[in-house]
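4 protein chains.
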Amino acid sequence: MSADALHELRDRLRAFAEARDWGAFHTPKNLAMALAGEAGEVIEHFQWLSAEQSAALDEETRAAVALELADVLLYLVRLADVLDVDLADAARRKLQINAERYPVDKARGRADKYDRL
Amino acid sequence: MSADALHELRDRLRAFAEARDWGAFHTPKNLAMALAGEAGEVIEHFQWLSAEQSAALDEETRAAVALELADVLLYLVRLADVLDVDLADAARRKLQINAERYPVDKARGRADKYDRL
Amino acid sequence: MSADALHELRDRLRAFAEARDWGAFHTPKNLAMALAGEAGEVIEHFQWLSAEQSAALDEETRAAVALELADVLLYLVRLADVLDVDLADAARRKLQINAERYPVDKARGRADKYDRL
Amino acid sequence: MSADALHELRDRLRAFAEARDWGAFHTPKNLAMALAGEAGEVIEHFQWLSAEQSAALDEETRAAVALELADVLLYLVRLADVLDVDLADAARRKLQINAERYPVDKARGRADKYDRL
Chain A
1 MSADALHELR
11 DRLRAFAEAR
21 DWGAFHTPKN
31 LAMALAGEAG
41 EVIEHFQWLS
51 AEQSAALDEE
61 TRAAVALELA
71 DVLLYLVRLA
81 DVLDVDLADA
91 ARRKLQINAE
101 RYPVDKARGR
111 ADKYDRL
Chain B
1001 MSADALHELR
1011 DRLRAFAEAR
1021 DWGAFHTPKN
1031 LAMALAGEAG
1041 EVIEHFQWLS
1051 AEQSAALDEE
1061 TRAAVALELA
1071 DVLLYLVRLA
1081 DVLDVDLADA
1091 ARRKLQINAE
1101 RYPVDKARGR
1111 ADKYDRL
Chain C
2001 MSADALHELR
2011 DRLRAFAEAR
2021 DWGAFHTPKN
2031 LAMALAGEAG
2041 EVIEHFQWLS
2051 AEQSAALDEE
2061 TRAAVALELA
2071 DVLLYLVRLA
2081 DVLDVDLADA
2091 ARRKLQINAE
2101 RYPVDKARGR
2111 ADKYDRL
Chain D
3001 MSADALHELR
3011 DRLRAFAEAR
3021 DWGAFHTPKN
3031 LAMALAGEAG
3041 EVIEHFQWLS
3051 AEQSAALDEE
3061 TRAAVALELA
3071 DVLLYLVRLA
3081 DVLDVDLADA
3091 ARRKLQINAE
3101 RYPVDKARGR
3111 ADKYDRL
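Sequence lines, in order, name chains A, B, C and D. The first sequence begins at 1 in the working numbering and counts up one residue at a time. The second sequence begins at 1001 in the working numbering and counts up one residue at a time. The third sequence begins at 2001 in the working numbering and counts up one residue at a time. The fourth sequence begins at 3001 in the working numbering and counts up one residue at a time.
In case anyone wonders, no lab produced these hints; they're calculated from the structure. Note that the coordinates shown come from a computational prediction; the quantities given were computed from them, not determined experimentally. Any given hint could be a false lead.
[Stated by the list, open to error] Pairs of lysine-lysine, BS3-like flavour, derived with a Cα cap of 25 angstroms:
1. C:Lys2113 to B:Lys1113
2. C:Lys2113 to C:Lys2094
3. D:Lys3106 to A:Lys113
4. D:Lys3113 to D:Lys3094
5. A:Lys94 to A:Lys106
6. B:Lys1094 to B:Lys1113
Make a model of the complete structure from these sequences and hints.
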C-alpha cells in the first residue's frame, strides 16, 4: 500500500473497476455525473440546517456525511485517473493560483470573488 | 510538508483560510455548497460530449478540467477538516463497504446499484 | 402562444432545438447534466451569503439569479419534453404526495424529512 | 385554480409552506441547496446509461424520473417566489438572449458554447 492516500486510492479503485469489468461504464462523462450526484447527496444533509447547526452535527449525521464525502473523493480520484490527471499536483497548482488571486491584505474577512477584490 | 497529499492540503488550506480570516465563511453548510458548485462546473465540461469524446479531451480542455477537479478536492478537503473527518479513513471504509456490496461475481460487467444485483 | 407558460416554453424550446439541429445533443442524459450544471450555477450565487443576505440580494445579483433560474427551467422543460413527461402533471402529483407525507399537524415548524416525523 | 401552471404551483407551494410554518427554512440559500440536491437526484438516474438507453427508459424508471423532475420544479418555483422573480418572464428573456447568442446559421449542428461559435 502506497504511503500517499491519493495514490493508494487511485490504485485500489483501478483494481476494483478492472476486477468488475467496469471500464465501459467509467468514461469521464459518466464519472463526472457520478461525482456531481454524490456532491448533491452531501448538500442534502445541510440544506435545512443553519450555519451553526451545520457545525454541530450529531454523531450519526456526521458519520453519514463522512461516507458521502468519501463517495465524492472516490469518484473524484477515479475520474482524475481515467483522465490521466495527477490530482495532488493539480490541487497544488490551484492553491498557488488562489494565493495569487486572493492576496491576504485584500481578501481578509471578505467572501468576494477575486475579480471583485 | 507532509508525505501525504491529503494531510498536506488540509494543513495548507487551514492556514490559507486562517490567514484571510475566512473562518466565518467556512461553515460546513457553505463549504458543502461550494463543493457542489464546483462539481457542477466539472460536469459542464462534459455535458455535450459523447462518451468517446469525453475520453479524448484536447489538451486545453484537459488542463481546464484538471483545475476544476482541483477545486472539488480543495473544498472537499476543507469541508472534511471543519467537520473533523479524516477523509482517507472514510474513503477506505467506503471502499470496504463497496467491496461487500459489489462482489466480483455478481457485479461483473453490470452498472446496477447494489440493491438490484 | 399558449396560455400556459410551461407548454409555451416546451414548444418554443422544441422549435429552437429543431431549427439548430440539436436533436443529437439533446439526449435525456445530456440534458440532465445541463440541468445539474445550471443548478450548480444557482448555488454559487448563494454559497457565501448568510440566510439573511440571501433574502436581501442587491438588484444586480437578483437579476443575475433570475436568469440562472431561467436556465434551470429551460433545461428542465426540455428534458421533460424529450422524456415525454408532462411537467405540470408530475408536479401536481408530487404535491399530493408531499401533502400526505407532511401532514400539517406533524410537520409544522419542522424541517425533518417525512420518514422522521 | 389558475390557468397557468407556474402561477398555480407558486400559489399552492406558498400555501403549503405557510400552513406548515416553514418560512424560516425557506430562505433563498436553503432553497437553492434543495434545488441542487434534487438536480443531483435526476442525474443519478442517468449516470451509467448510454445516450441511447437514456432515451429509452423503462416505464418504472421514467415514472421515477418524472417525480424527480417535479421536485426540481417545485423547489425552483418556490425559490423564484421567495426571490420575487417571475419565472416565466425570466425564461422568456433568457430564450431571447439565447436566440441572439445562437443564431441558426452559426449554431446548426454544433454544441459549442456561444463564445466559441
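We went through each hint and held it up to the structure:
| no. | hint | verdict |
| --- | --- | --- |
| 1 | C:Lys2113 to B:Lys1113 | 23 angstroms, holds |
| 2 | C:Lys2113 to C:Lys2094 | 15 angstroms, holds |
| 3 | D:Lys3106 to A:Lys113 | 33 angstroms, violated |
| 4 | D:Lys3113 to D:Lys3094 | 15 angstroms, holds |
| 5 | A:Lys94 to A:Lys106 | 19 angstroms, holds |
| 6 | B:Lys1094 to B:Lys1113 | 15 angstroms, holds |
The structure fails to meet hint 3 from the earlier list, while all remaining hints are met.
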